[in-house]
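K.L.:
If you want the building blocks of each chain, they are given just below.
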Amino acid sequence: ETGVTQSPTHLIKTRGQQVTLRCSSQSGHNTVSWYQQALGQGPQFIFQYYREEENGRGNFPPRFSGLQFPNYSSELNVNALELDDSALYLCASRYSAGTGINTGELFFGEGSRLTVL
Amino acid sequence: AQSVTQLGSHVSVSEGALVLLRCNYSSSVPPYLFWYVQYPNQGLQLLLKYTSAATLVKGINGFEAEFKKSETSFHLTKPSAHMSDAAEYFCASFSMNTGFQKLVFGTGTRLLVSP
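In the order they appear, the protein sequences are chains U and P.
Numbered per this note's numbering, the first sequence finishes at 117, counting up by one with no gaps.
Numbered per this note's numbering, the second sequence finishes at 115, counting up by one with no gaps.
Simulated from the structure, these hints should not be mistaken for laboratory data.
One thing to keep in mind: the hints can contain errors.
[Said to hold, decoys possible] Taking beta-carbon pairs under 8 Å as the criterion, some of the chain P residues facing chain U (in silico):
(1) 7
(2) 46
(3) 90
(4) 107
[Stated by the list, open to error] To give an idea of the chain U side of the interface with chain P (calculated C-beta under 7 Å), a few residues:
(5) 38
(6) 42
(7) 45
(8) 72
(9) 80
(10) 82
(11) 86
(12) 87
(13) 90
(14) 105
[To be verified] Derived Cβ-Cβ restraints for the label pairs, each shown as a range:
(15) 41/P to 70/U: 39 to 49 Å
(16) 70/P to 117/U: 42 to 52 Å
(17) 60/U to 115/P: 20 to 30 Å
(18) 117/U to 41/P: 39 to 49 Å
(19) 80/U to 53/P: 38 to 48 Å
(20) 55/P to 18/U: 43 to 53 Å
(21) 69/U to 14/P: 43 to 53 Å
(22) 82/P to 40/U: 40 to 50 Å
(23) 20/U to 42/P: 15 to 25 Å
(24) 84/P to 3/U: 21 to 31 Å
(25) 60/U to 26/P: 29 to 39 Å
(26) 97/U to 16/P: 40 to 50 Å
(27) 95/U to 53/P: 38 to 48 Å
A quick note: this is a predicted structure, and the numbers were derived from the prediction, not measured.
In this text, a Cβ means the ideal position worked out from N, Cα and C, and glycines have one as well.
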């Protein structure tokens, strides 16, 4: 048990729709990251939130957006879904003392598997 | 940019045999390196990490990895495979980008363990 829970575990959407994925982190984890894992691939960094503000983004378009809330929960929103968005979406959290280097363990949730038809 | 390359998308071993999963990194600065395991329908679990301390890193479940700067490698080993070790293994490098940090993952190696 990592203390990070994600919902829903599975969902199916059609092209053009919007989706919201949710993550609940351990108490005290002020940093949350989202990763996309396509079938047969390693996870790819989408973005990171630190103290409720986005402070880093990978190579993903603006239709991928997120929120982090004071109660250690967070959301990943994807608009205008495309077929290539089908993937496992992983939430990961940690406590960070600041924006400097922090090699503390990232705790991953079990993911939300999104299928876009 | 930092990157990691995992050699072999699948590795098959017999129960009790040595496990060797290969990872090479590319980095212009001393890297932070990690191995994660992913069991079916689960998230990622940290096995071990290298953060420029001892070059031989011991992790959970009997796994260990050795950082070799001359070979830019961070291979994962376990002396004796168990059936329960069957899973997907990811090597990852830690990249620091102007105030935020992210993990850069390899493409993964699926470990198959036969009786």
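K.L.:
Which earlier hints can't be squared with this structure?
P.N.:
1, 5, 8, 9, 10, 11, 12, 15, 17, 18, 22, 25, 27
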